[in-house]
Amino acid sequence: MAYYRAVGEIPPKRHTQFRGPDGSLYYEELMGEEGFSSDSSLLYHRGVPSAIVDSEVWELPDHTTRPNHPLVPRHLRLHELFDGLDWKSSDVVTSRRLVLGNADVRISYVWAGEESPYYRNALGDECVFIESGAARVETVFGVLHAREGDYVMLPRGTTHRWVPVGDGPLRAYCIEANSHLGPPARYLSRYGQLLEHAPYCERDLHGPAEPLLEEGTDVEVLVKHPGPGGVVGTRLVYATHPFDVVGWDGCLYPFTFNVADFEPITGRVHQPPPVHQVWAGTNVVMCNFCPRKVDYHPLAVPVPYYHSNVDSDEVMFYVAGDYGARKGSGIGPGSVSLHPGGYAHGPQPGAIEASLGVEYVDELAVMVDTFRPLELGEAALACEDETYAWSWSGRRRE
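Taking full-length UniProt numbering, the leading residue of the sequence shown gets 1, the next gets one more, and so forth.
These are computed hints drawn from the structure, not numbers from a lab.
Be aware that a few hints might be false.
Said to hold, decoys possible - Computed Cβ-Cβ distance ranges for the label pairs, DEER-style: (1) P70 / E215: 51 to 59 angstroms; (2) E215 / H270: 37 to 45 angstroms; (3) H297 / D86: 46 to 54 angstroms; (4) R147 / G192: 36 to 44 angstroms; (5) A185 / E56: 38 to 46 angstroms; (6) G342 / I52: 40 to 48 angstroms.
These figures come from a predicted structure and were not determined experimentally.
Note that beta-carbon positions come from the ideal geometry of N, C-alpha and C, so glycine has one too.
Let the sequences and hints guide you as you build the complete structure.
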């Protein structure tokens with residue numbers, strides 16, 4: 001995200017001596033993507049950012065998956081995963097349950113009430129959608145204040161922790177890429193500015209406003225990184241606190257974006273999902289389906305047509321509202337549908353006729369499309385509605 005920010009104290013010239021009030025030298029850290037060939041930021045630490053005193057294995061939660069075979073569309077009721085459990089002792093990092101995954105992306109879900117350990121994902125960027133609740137997200141760049149409807153965008157390698165605030169659970173839909181995530185290229189100028197036809201702009205992105213400046217020694221940070229079998233974990237212990245940054249500047253940093261600031265693009269007839277796109281990565285895209293006025297051709301059909309995206313799996317997380325195309329399927333807020341490549345899907349029986357003449361839809365959903373098949377995590381197997389696949393026909397062959 002090539003949108004320059006400067007926070008806290010920084011020297012007038014990069015890569016030059018920068019000292020504190022007592023004369024001690026601050027330690028400059030370049031955090032950059034694609035080697036030295038893409039966006040980066042310079043952070044100035046009080047302590048040496050690479051000084052570790054211990055390293056040991058962190059046993060990750062269950063990341064095993066199994067193929068979607070035989071091929072079938074799926075309906076997953078995510079709220080059932082945590083209903084009745086003590087969410088107050090769960091945290092956003094270690095209590096995530098894997099729903100779906102492949103070599104490019106992992107989708108997890110969690111209810112949390114406890115502050116998380118310090119954490120860093122060294123595999124790719126994380127995009128965490130806040131279904132409900134609020135949190136203070138403490139990062140090496142400063143604090144983000146996350147609320148319901150926020151996407152919390154965390155670049156690869158960002159040390160952070162989650163501190164839920166408020167009385168209810170923090171419900172988070174966690175999308176972990178194995179690549180970088182950002183606005184689709186068609187929204188950006190060749191210099192990185194969001195263009196006039198983009199459904200959001202830089203004013204809608206909220207990064208840290210000031211340094212956090214924590215002190216401490218022997219601070220544990222959980223790191224998720226590549227290793228045997230794909231994804232492994234390490235517990236690193238740092239000599240000084242990672243949040244000792246007095247200032248930073250650059251174009252790489254975490255930020256929040258609220259779905260209410262997304263401006264839907266509509267047309268005379270039904271528009272395809274790419275007009276709702278919000279983020280893109282390698283072999284993965286994300287879309288918002290927001291409350292909006294719909295198609296205004298006199299013969300328009302406001303619900304989606306049947307479609308078979310042969311190159312992608314489609315995952316829809318239903319957040320709120322009334323999703324007309326799915327009426328009669330059992331899907332509601334907290335549901336996830338998986339429609340795999342090679343399977344044609346669309347409105348439930350009766351939904352097309354019921355939609356005719358509708359001028360406005362009150363729905364909120366987050367879609368993830370992948371370009372490799374998704375496999376099922378343990379959470380998917382624990383909360384599946386096994387009748388969904390037959391909901392179009394109303395019967396199953398005996």
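Results for each hint:
1. The supplied range of 51 to 59 angstroms is met by P70 and E215, whose beta-carbon atoms lie about 56 angstroms from each other.
2. Between E215 and H270 the C-beta distance comes to about 56 angstroms, which lies outside the given range of 37 to 45 angstroms.
3. Separation of H297 from D86 is about 52 angstroms and conforms to the stated range, judged on CB atoms against 46 to 54 angstroms.
4. Checking the proposed 36 to 44 angstroms range against R147 and G192 shows it is violated: the Cβ atoms sit about 27 angstroms from each other.
5. Checked against the given bound of 38 to 46 angstroms, the beta carbons of A185 and E56, roughly 41 angstroms apart, stay inside it.
6. Here the CB-CB span from G342 to I52 is close to 47 angstroms, well matched to the stated 40 to 48 angstroms.
Hints 2, 4 from the list above are not met by this structure, while the remaining hints are.
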